[in-house]
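Once you've looked at the hints, dock chain B against the given chain A.
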Amino acid sequence: MADLKKENVARVIDFLQENKNRGGDVSLNDVMHLAEVMSGSMHDFLTTVKPAVTEELTVIAKEISRMKSEITSLRANDMRSSKIPDAGMELDAIVEATETATNTIMEAAEEIMGADASDAAAYHELVNGKMIEIFEACTFQDITGQRISKVVSTLNYIDERVTAFVNHLRITEDMEETGEETEEERRKRELILHGPQQGGEGVSQNDVDDMLNDPNFDIDSLFD
Amino acid sequence: MALDLTMPVLVVDDYKTMIRIIRNLLKQLGFEDIDDAADGTEALEKMQQRKYGLVISDWNMEPMTGYELLKQVRSDSSLSKTPFIMVTAESKTENVIAAKKAGVNNYIVKPFNAQTLKGKIEAVFSD
Chain A
214 MADLKKENVA RVIDFLQENK NRGGDVSLND VMHLAEVMSG SMHDFLTTVK PAVTEELTVI
274 AKEISRMKSE ITSLRANDMR SSKIPDAGME LDAIVEATET ATNTIMEAAE EIMGADASDA
334 AAYHELVNGK MIEIFEACTF QDITGQRISK VVSTLNYIDE RVTAFVNHLR ITEDMEETGE
394 ETEEERRKRE LILHGPQQGG EGVSQNDVDD MLNDPNFDID SLFD
Chain B
7 MALDLTMPVL VVDDYKTMIR IIRNLLKQLG FEDIDDAADG TEALEKMQQR KYGLVISDWN
67 MEPMTGYELL KQVRSDSSLS KTPFIMVTAE SKTENVIAAK KAGVNNYIVK PFNAQTLKGK
127 IEAVFSD
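Sequence order for the protein chains is A and B.
Remember, the working numbering sits 213 above the position in the first sequence when you count from 1.
Remember, the working numbering sits 6 above the position in the second sequence when you count from 1.
Hints are computed from structural coordinates only; laboratory data are not their basis.
Check each hint, because a few of them may be wrong.
[Claimed, not checked] Just the calculated beta-carbon pair ranges, DEER-fashion:
no.	chain 1	residue 1	chain 2	residue 2	range
1	B	Asp39	A	Glu320	18 to 24 Å
2	A	Ala248	B	Ala95	45 to 51 Å
3	B	Leu9	A	Ser295	53 to 59 Å
[Said to hold, decoys possible] Each computed BS3-like pair below joins lysine-lysine, with the alpha-carbon atoms no more than 30 Å apart:
no.	chain 1	residue 1	chain 2	residue 2
4	A	Lys401	B	Lys52
5	A	Lys343	B	Lys124
6	B	Lys77	B	Lys87
7	B	Lys33	A	Lys343
8	B	Lys22	B	Lys87
9	B	Lys57	B	Lys116
10	A	Lys401	B	Lys22
11	A	Lys401	B	Lys98
12	B	Lys87	B	Lys116
13	B	Lys57	B	Lys87
14	B	Lys107	A	Lys401
15	B	Lys98	B	Lys22
16	A	Lys401	B	Lys77
17	B	Lys57	B	Lys77
18	B	Lys107	B	Lys52
19	A	Lys401	B	Lys87
20	A	Lys275	A	Lys263
21	A	Lys401	B	Lys116
22	B	Lys106	B	Lys77
23	B	Lys77	B	Lys33
24	A	Lys401	B	Lys106
25	B	Lys33	B	Lys124
26	A	Lys343	B	Lys22
27	B	Lys116	A	Lys343
28	A	Lys296	A	Lys401
29	A	Lys296	A	Lys363
30	A	Lys363	B	Lys116
31	B	Lys22	A	Lys363
32	B	Lys106	B	Lys116
33	B	Lys52	B	Lys106
34	B	Lys52	B	Lys77
From the three backbone atoms N, C-alpha and C, an ideal C-beta is built for every residue, glycine too.
Okay, chain A solo, but in the shape it has when bound (with noise of 0.2 Å):
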């Protein structure tokens, strides 16, 4: 009883006076700290007056330390710092490499096109010079290849971290909050962006032919 009394309940109101004094800036590390702190309390409180709730903050304790291991294996810091950073420079990378290449082939093509023909020779020497400009721009494929397959490694290793994470605290899908539509969400369903569509997913030219050229296709029936 002296214990809680003096030195654990002294740090517990340390605790909070310190947070009071960062305007009640709590990190997840914080509050960790503080339910350590309660359980030491306690276990010295009760060992004396109920061993079974003993047993159950030890088991409290445990799962503590187990959490904060499990967020430190998370690496997030080198996943904010490094990883997600360096996966952003490969994408921008990439988008640079492929238009610099699509200017570079769309250059050559426009040249041939604007070519005067009527020189055989000439129109046939610019046409080859072209065409080894076009290969040489294509060689874009095999460094973005690359860029691309280093961004996977990226998104497999966070993948691996955060599902790693999610199982060790057996959060469910059930137990995860439906957060609020965010502007930009409001804007891609209202205005019907999807994007590219993976293989398979979308219509087909054709489909979209039929769909606008027959007459008698019910439309507002989809919008029931």
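For chain B alone, coordinates are given in the frame of chain A:
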């Protein structure tokens, strides 16, 4: 409505490369007067200043999408008759149906080829 290769055509897309591709294909088809805009807002401004014979628009653009542009065009009595072709990667059934309800003249799914573009333009002007 006959196909007139001298009529001004407005290509609307937020990707310069796609505008360049469509522009080159239209030139190959014989069109001479080709203008472009980077989104629906810019397209609408251009359409209020000049009468275009055909609009070829992407769907997914910011701030104004091609779908919003189509609805704006159809609701404006001075622009409502302008032929409008959607060229887009949005290939879900609900997109096609929404575009048809909004009054699109034709709908091309990306990626597309020159023959498809030619066929859809001809179909719009043969109706």
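Hint-by-hint comparison with the structure:
no. : hint                                : result
1   : Asp39(B) with Glu320(A): 18 to 24 Å : 23 Å, holds
2   : Ala248(A) with Ala95(B): 45 to 51 Å : 50 Å, holds
3   : Leu9(B) with Ser295(A): 53 to 59 Å  : 57 Å, holds
4   : Lys401(A) with Lys52(B)             : 26 Å, holds
5   : Lys343(A) with Lys124(B)            : 27 Å, holds
6   : Lys77(B) with Lys87(B)              : 12 Å, holds
7   : Lys33(B) with Lys343(A)             : 20 Å, holds
8   : Lys22(B) with Lys87(B)              : 27 Å, holds
9   : Lys57(B) with Lys116(B)             : 27 Å, holds
10  : Lys401(A) with Lys22(B)             : 23 Å, holds
11  : Lys401(A) with Lys98(B)             : 13 Å, holds
12  : Lys87(B) with Lys116(B)             : 25 Å, holds
13  : Lys57(B) with Lys87(B)              : 11 Å, holds
14  : Lys107(B) with Lys401(A)            : 18 Å, holds
15  : Lys98(B) with Lys22(B)              : 24 Å, holds
16  : Lys401(A) with Lys77(B)             : 17 Å, holds
17  : Lys57(B) with Lys77(B)              : 17 Å, holds
18  : Lys107(B) with Lys52(B)             : 24 Å, holds
19  : Lys401(A) with Lys87(B)             : 28 Å, holds
20  : Lys275(A) with Lys263(A)            : 19 Å, holds
21  : Lys401(A) with Lys116(B)            : 19 Å, holds
22  : Lys106(B) with Lys77(B)             : 11 Å, holds
23  : Lys77(B) with Lys33(B)              : 28 Å, holds
24  : Lys401(A) with Lys106(B)            : 19 Å, holds
25  : Lys33(B) with Lys124(B)             : 11 Å, holds
26  : Lys343(A) with Lys22(B)             : 22 Å, holds
27  : Lys116(B) with Lys343(A)            : 27 Å, holds
28  : Lys296(A) with Lys401(A)            : 28 Å, holds
29  : Lys296(A) with Lys363(A)            : 10 Å, holds
30  : Lys363(A) with Lys116(B)            : 28 Å, holds
31  : Lys22(B) with Lys363(A)             : 28 Å, holds
32  : Lys106(B) with Lys116(B)            : 17 Å, holds
33  : Lys52(B) with Lys106(B)             : 24 Å, holds
34  : Lys52(B) with Lys77(B)              : 16 Å, holds
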